[in-house]
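Chains A and B are the protein sequences, given in the same order.
Taking our numbering, the leading residue of the first sequence gets 1, the next gets one more, and so forth.
Taking our numbering, the leading residue of the second sequence gets 1, the next gets one more, and so forth.
Some hints could be false.
[Said to hold, decoys possible] Taking CB as the label site, the calculated pair distances span:
id : chain 1 : residue 1 : chain 2 : residue 2 : range
1  : B       : Gln86     : A       : His72     : 58 to 66 Å
2  : A       : Gln170    : B       : Phe292    : 18 to 26 Å
3  : B       : Thr478    : A       : Thr293    : 29 to 37 Å
4  : B       : Val3      : A       : Asp516    : 30 to 38 Å
5  : A       : Val557    : B       : Thr588    : 19 to 27 Å
6  : A       : Thr293    : B       : Lys328    : 23 to 31 Å
No wet-lab data here; the hints were simulated from the structure.
We put the beta carbon where it would ideally sit given N, CA and C, even for glycine.
Protein chains: 2
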Amino acid sequence: MAVQYQPPTEDMAFVIRHVIDSQKISELPGYEEFSEDVIDAVLEEAGKFNAGMISPLNTVSDETGASLGDGHSVKTPTGFKEAYQQYIEAGWNGLACSPEYGGQGLPELLATATNEMLHSASMSFGLCPMLTAGAIHAIEHHGSDEQKQTYLPNLVSGQWAGTMNLTEPQAGSDLAAVTTKAVPNGDHYLISGIKIYITYGEHDLTENIIHLVLARLPDAPAGVKGISLFIVPKFLINDDGSLGARNDVKCISLEHKLGIHGSPTAVMSYGEAGGAIGYLVGKPNEGLAYMFTMMNHARLNVGLQGVAIAERALQQALWYAYDRVQGKTLIPGDQPNSAAPIAYHPDVRRMLASMQCRVQAMRALAYEAAAHMDIAAASEDAQVASAAQSRVDVLIPVVKGWCTEQSQDIASLGIQVHGGMGYVEESGAAQHLRDARITTIYEGTTAIQANDFIGRKILRDEGQGIGALINEVMDTGTTLGNSEDTALARLGQQLQQGAQTLRDCVDWVLKHGKEDAAAVYFGSVPMLLLAGDVLGGWMMARAALAASKPELINDPVAIKKRKAALVYGDLVLTCGLGRAHQVISAGTTIKQSLAL
Amino acid sequence: MAVQYQPPTEDMAFVIRHVIDSQKISELPGYEEFSEDVIDAVLEEAGKFNAGMISPLNTVSDETGASLGDGHSVKTPTGFKEAYQQYIEAGWNGLACSPEYGGQGLPELLATATNEMLHSASMSFGLCPMLTAGAIHAIEHHGSDEQKQTYLPNLVSGQWAGTMNLTEPQAGSDLAAVTTKAVPNGDHYLISGIKIYITYGEHDLTENIIHLVLARLPDAPAGVKGISLFIVPKFLINDDGSLGARNDVKCISLEHKLGIHGSPTAVMSYGEAGGAIGYLVGKPNEGLAYMFTMMNHARLNVGLQGVAIAERALQQALWYAYDRVQGKTLIPGDQPNSAAPIAYHPDVRRMLASMQCRVQAMRALAYEAAAHMDIAAASEDAQVASAAQSRVDVLIPVVKGWCTEQSQDIASLGIQVHGGMGYVEESGAAQHLRDARITTIYEGTTAIQANDFIGRKILRDEGQGIGALINEVMDTGTTLGNSEDTALARLGQQLQQGAQTLRDCVDWVLKHGKEDAAAVYFGSVPMLLLAGDVLGGWMMARAALAASKPELINDPVAIKKRKAALVYGDLVLTCGLGRAHQVISAGTTIKQSLAL
């Protein structure tokens with residue numbers, strides 16, 4: 001039986017308050033109202049909404065899926081339309097958006113928590129607002145005033161939805177190969193071409209869809225320097241703001257996917273009848289740069305989907321493991337009866353513990369990145385803002401790559417905890433693996449995150465940003481390592497070892513990055529995952545430190561947090577260090593592998 | 001596009017001849033005809049048959065699936081019936097069966113290779129003969145002469161199929177909780193109860209189905225000591241051997257599964273109309289012991305499914321990676337053009353190399369277990385036979401647990417290599433992950449394999465069997481480590497380190513097994529997987545040694561094998577050693593995890 005989602009508000013609040021230190025966010029200009037009361041109220045309301053309204057749609061949307069009807073229209077799963085209306089009416093769509101366009105102006109940190117809930121409740125549903133957020137971000141940062149006035153209020157309210165149109169059949173992840181054309185035509189451009197993998201490219205949730213499309217002007221330079229960004233509304237907007245004519249863009253098919261069945265993944269055809277009307281965003285040929293400014297948000301959100309699915313898979317597994325009675329426990333004193341729930345079998349216990357401590361580490365790391373986004377965007381101290389942005393830049397590929405890779409393993413363990421029932425779709429466990437499987441692919445595969453991490457985040461600044469981060473991790477390790485509490489001291493030593501191993505790998509990358517780029521990139525994914533294991537350990541170590549403060553020493557959430565941190569040290573932090581070998585030996589290995 | 005299967009006969013033949021040393025099998029009584037010519041001929045014919053006849057059914061059987069029709073009948077996917085007829089007419093079903101009942105009497109080693117091909121071609125299809133083999137094994141070893149004469153010829157020919165009925169809804173993996181009843185009634189018993197997860201419990205491939213059913217006699221002791229084994233034919237057999245009345249057993253539903261859609265997984269109801277007629281196999285209350293004698297074969301076969309799906313996922317990924325041109329390569333001199341197949345991107349190369357070297361290691365380890373089965377069964381030297389049986393007993397949980405866990409990761413990497421296309425079902429990559437996902441669950445979950453490994457294979461004989469194996473691994477490591485070839489010497493040192501780490505873990509298990517069983521079993525799966533990484537490395541090291549013999553030094557297969565072994569050393573052997581920490585720290589970790 002697929003169990004309904006229960007929002008982990010206690011862990012979320014602990015992370016926001018005690019690990020991230022929400023105080024420093026509420027001191028930022030514009031976030032004065034971000035009080036502990038607001039955190040509690042928003043988490044509680046979001047929890048109620050997502051558990052009560054969205055979570056029940058998850059199974060049925062997987063079974064029925066989105067479907068392509070007549071006239072290129074797409075029907076979303078039963079219940080999505082009503083739920084979406086309630087979602088936007090309650091104002092969730094604009095939680096972290098600017099009040100200037102009707103948003104609530106709350107920090108990204110808090111929206112990250114509520115978005116996690118949304119994706120846990122139904123990732124298929126959550127993708128629609130997620131894509132809209134990307135469109136809002138692009139127009140807010142790069143659009144003209146007129147474009148902002150025309151599109152942002154309805155996108156922020158959720159009255160309209162947004163999409164991102166990057167990929168083309170021949171190009172894949174290689175945007176240099178984009179061939180969609182944009183021909184100037186008076187105050188607009190005529191867009192023509194085929195875009196694939198367009199999430200919510202067509203649907204019935206909103207009255208209009210605002211497509212953001214990468215295309216090439218007639219005189220554009222070749223490669224990524226010749227890509228421009230366009231707004232292409234499904235329905236044109238009249239001068240009075242009402243909806244006008246249908247634009248020359250349509251969905252020509254939907255993909256038959258492994259998971260996220262409720263989310264329509266469209267093949268979009270632009271300009272079959274002469275050209276879709278599009279409006280240039282910003283300057284010509286700057287499309288890729290604009291994409292990059294949106295990318296941090298988009299990648300944070302996909303990393304967060306990894307957290308969200310892992311949390312849901314964990315809840316499903318915990319429910320089953322305590323519900324299913326079978327065999328006898330070996331764990332002494334834990335369950336006196338001879339017939340015990342399988343949660344009391346040592347290996348099931350190991351799986352649950354491994355899932356649980358990782359989900360907490362992943363959540364904390366994603367929230368850490370979000371908090372630094374807030375600081376980077378809002379701090380009036382340029383140096384503070386710049387340091388925060390540098391931290392965001394280093395963290396984002398790790399959050400995206402590591403959290404999503406972990407989510408595959410956690411969702412798979414979720415099936416394993418169920419035994420045979422996990423393989424039967426009715427249990428709901430398998431859906432989580434099927435849904436999670438896309439997260440390491442879209443918004444840049446894990447390899448693309450790893451290339452970004454090595455190339456732009458380590459080699460480009462010669463290890464400055466990552467070095468500063470590793471120093472902080474080492475400091476936390478030293479503080480914990482000196483603790484009189486032997487368990488905490490042990491965790492501290494594990495973290496120091498992790499930080500040192502990561503530093504060794506960074507040094508190796510810096511040393512070989514120029515003369516042996518192939519070898520360095522061959523080891524890039526193991527390196528990214530090593531960084532995730534260590535940074536996740538850092539977040540758990542900080543949580544353990546927070547939990548040992550006098551005022552929290554008897555707090556039940558803090559007590560559990562401390563245990564989870566210790567388990568993370570043994571089950572994840574130390575075991576991940578073997579990845580370093582793949583990084584350091586990559587130069588040798590890749591040469592051998594060429595002949596395979 | 002899902003590509004068709006290409007039998008890896010070169011690698012199979014290399015492993016059988018040069019790594020396993022097929023000579024020692026052909027010296028066994030009864031296997032005199034197992035010559036190099038026979039190996040080549042059988043591999044070639046099996047390759048043709050499975051690639052040409054079975055592989056094309058894989059995608060369509062996934063899409064259409066097996067379905068429950070009227071009157072409790074089950075319709076297998078289009079094409080299965082015709083293919084099955086050809087399969088049995090060609091004699092594949094009885095390849096390793098006794099000539100006394102119409103089999104070909106070839107070694108298990110060779111049947112393991114042809115079975116690998118069958119499961120690569122279509123695991124859903126291959127499950128039917130696999131279950132029949134289990135029934136043959138049970139009746140041949142424990143049935144009466146009359147039962148053998150009645151059932152074996154038609155089971156060996158494949159005219160009839162067999163099933164294994166163990167699991168019940170309330171019992172799961174805990175056979176002590178089996179409640180199906182067997183009431184004596186003249187020369188037979190009346191069987192009643194519900195059995196679940198019955199692979200090919202009902203289907204239209206054969207005219208009769210011979211169910212082997214675990215049930216409890218009225219006076220049976222509680223628990224596993226009160227389980228008996230029964231033959232329950234779907235159609236009773238008349239004295240003249242013709243089919244008689246329909247027995248009181250039927251399929252009441254099929255599971256809706258994540259994968260292996262072509263294989264019907266039935267809920268079977270026995271005795272709704274008064275009792276299904278069943279015949280006791282062997283002695284009363286010995287059912288579990290009989291199951292154990294079959295288990296090695298059954299678990300080898302599921303481990304082999306792991307190898308088979310991993311091989312198919314690898315082939316699919318290789319095809320895509322060399323077909324799909326995108327971006328530029330970083331690998332110097334490897335591909336001069338600016339636009340390169342993605343196989344030339346470093347991370348894709350890493351994924352392919354990691355998949356490839358593991359598939360080869362898994363194959364070799366499975367074949368090694370099969371060869372020892374042949375020696376244990378056929379050697380006239382009691383000491384040799386007993387040593388071989390001990391080796392089989394140690395290897396089987398590793399082959400089953402490790403190969404199937406690897407297959408999940410390899411099939412998932414297969415999707416990742418495809419990028420977005422991997423998530424679209426049409427590519428065929430996703431099916432391999434869905435199909436593979438059952439292999440770590442059925443025929444004993446990975447935890448059950450790990451418990452068997454720790455409890456029966458390490459603690460019971462106080463480390464004798466595993467100790468002898470580790471000594472052999474260490475010897476291979478020492479031989480390689482002393483090589484003048486520096487690359488081989490490096491691999492030798494990696495293997496020595498692996499053997500030592502495994503030995504340390506075994507010592508830890510032996511030391512704590514009694515007083516802290518919960519901690520030992522908490523680390524049992526990491527320990528099993530560590531053993532797999534190391535033993536896989538041992539097989540690859542032996543392959544590298546064989547490849548460096550003067551007569552093979554210019555053999556193209558041997559040259560590739562050597563490279564694959566070196567890659568395995570760097571990408572798998574050394575990286576897996578982090579698992580040891582989970583074993584050794586388990587005593588601490590489990591206590592913390594109790595409070596989560």
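Right, here's what the structure says about each hint:
Between Gln86(B) and His72(A) the Cβ separation comes to about 45 Å, which falls outside the hinted range of 58 to 66 Å. Judged by the Cβ atoms, the range 18 to 26 Å given for Gln170(A) and Phe292(B) is violated: they are separated by roughly 57 Å. Between Thr478(B) and Thr293(A) the beta carbons are some 58 Å apart, a value that contradicts the proposed interval 29 to 37 Å. Between Val3(B) and Asp516(A) the beta carbon distance is about 33 Å. The supplied range of 30 to 38 Å therefore holds.
Separated by about 22 Å at the C-beta atoms, Val557(A) and Thr588(B) satisfy the suggested range of 19 to 27 Å. Distance hint for Thr293(A) and Lys328(B): a CB-CB separation of about 25 Å, consistent with the stated range 23 to 31 Å.
The structure is inconsistent with the numbered hints 1, 2, 3, although it conforms to all the rest.
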